[in-house]
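Participant: Sequence:
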Amino acid sequence: MIRSVGRSLEGTKSQGHVNGSGAPKRSRAPLFGAVGLMLGLALAGCGPSKPFVQESPFPPAVDPAKATIYIETPTGIPGNTATALMSSFKKYAKQEGVNFVALRDTPPTYSLRCHFNAVGDTAAVTVISICDMVDGAGRRVHRITVQEPGGTTQGDPWTSVGTGVSDLIAQRTVVAIRAWLYGGNV
Numbered sequence: 001m002i003r004s005v006g007r008s009l010e011g012t013k014s015q016g017h018v019n020g021s022g023a024p025k026r027s028r029a030p031l032f033g034a035v036g037l038m039l040g041l042a043l044a045g046c047g048p049s050k051p052f053v054q055e056s057p058f059p060p061a062v063d064p065a066k067a068t069i070y071i072e073t074p075t076g077i078p079g080n081t082a083t084a085l086m087s088s089f090k091k092y093a094k095q096e097g098v099n100f101v102a103l104r105d106t107p108p109t110y111s112l113r114c115h116f117n118a119v120g121d122t123a124a125v126t127v128i129s130i131c132d133m134v135d136g137a138g139r140r141v142h143r144i145t146v147q148e149p150g151g152t153t154q155g156d157p158w159t160s161v162g163t164g165v166s167d168l169i170a171q172r173t174v175v176a177i178r179a180w181l182y183g184g185n186v
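Residues 1 to 186 in full-length UniProt numbering are what the sequence shown spells out, letter by letter.
Among the hints, a few may not be true.
[As the list claims (entries may be wrong)] Derived Cβ-Cβ restraints for the label pairs, each shown as a range:
1) G183 / K91: 17 to 27 Å
2) A124 / G183: 14 to 24 Å
3) H115 / K90: 13 to 23 Å
4) T73 / N99: 11 to 21 Å
By construction, these hints were calculated from the structure, which means they are not laboratory data. For each residue, glycine too, the CB sits at the ideal point set by N, CA and C.
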């Protein structure tokens, strides 16, 4: 027995018309439906196209020499390493001509939000830095990622991360910021 939508089809006869060959006459409804679907799809292609992937926004038209950047307190990093990192950021910003501002008295052009992870085992530790440049509205306009080897450790991975590693991460981050501000895409 075949059931369709709760009713039995057993014992029912085809209600279709018979053509000259004795076979039931087929309905043209599926053909019209298929043609209608194809026509609808063809017409849908005539409208304005929109990108499937939203492009990331470009930075506002700001003179790179006048752009100011506020460094937010980094997350995921121990206090002593964060202090050394902030000093390195300032040192390299001065060398590269990037204007970091200490206070948010006047709204900065951008804010730099960084998160750090130190991962590894007794064989090797890697420090991963993810820094987002955000505009005044809080929208990310650029992301900088840096990975540096840290050393080896028997416990907390941060114990093997010296000031040399945080200094190198700060240098690479500031160089990437400068390249981005001046039109490079690092």
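Participant: Decide, hint by hint, whether the structure agrees.
Facilitator: Evaluation of the provided hints:
One distance hint, 17 to 27 Å for the beta-carbon pair G183 and K91, holds here, with the actual separation near 24 Å. With their beta carbons about 36 Å apart, A124 and G183 fall outside the hinted range of 14 to 24 Å. Taking 13 to 23 Å as the suggested C-beta distance range, the pair H115 and K90 conforms, at roughly 19 Å. For the hinted restraint 11 to 21 Å between T73 and N99, the CB-CB distance of approximately 19 Å keeps it satisfied.
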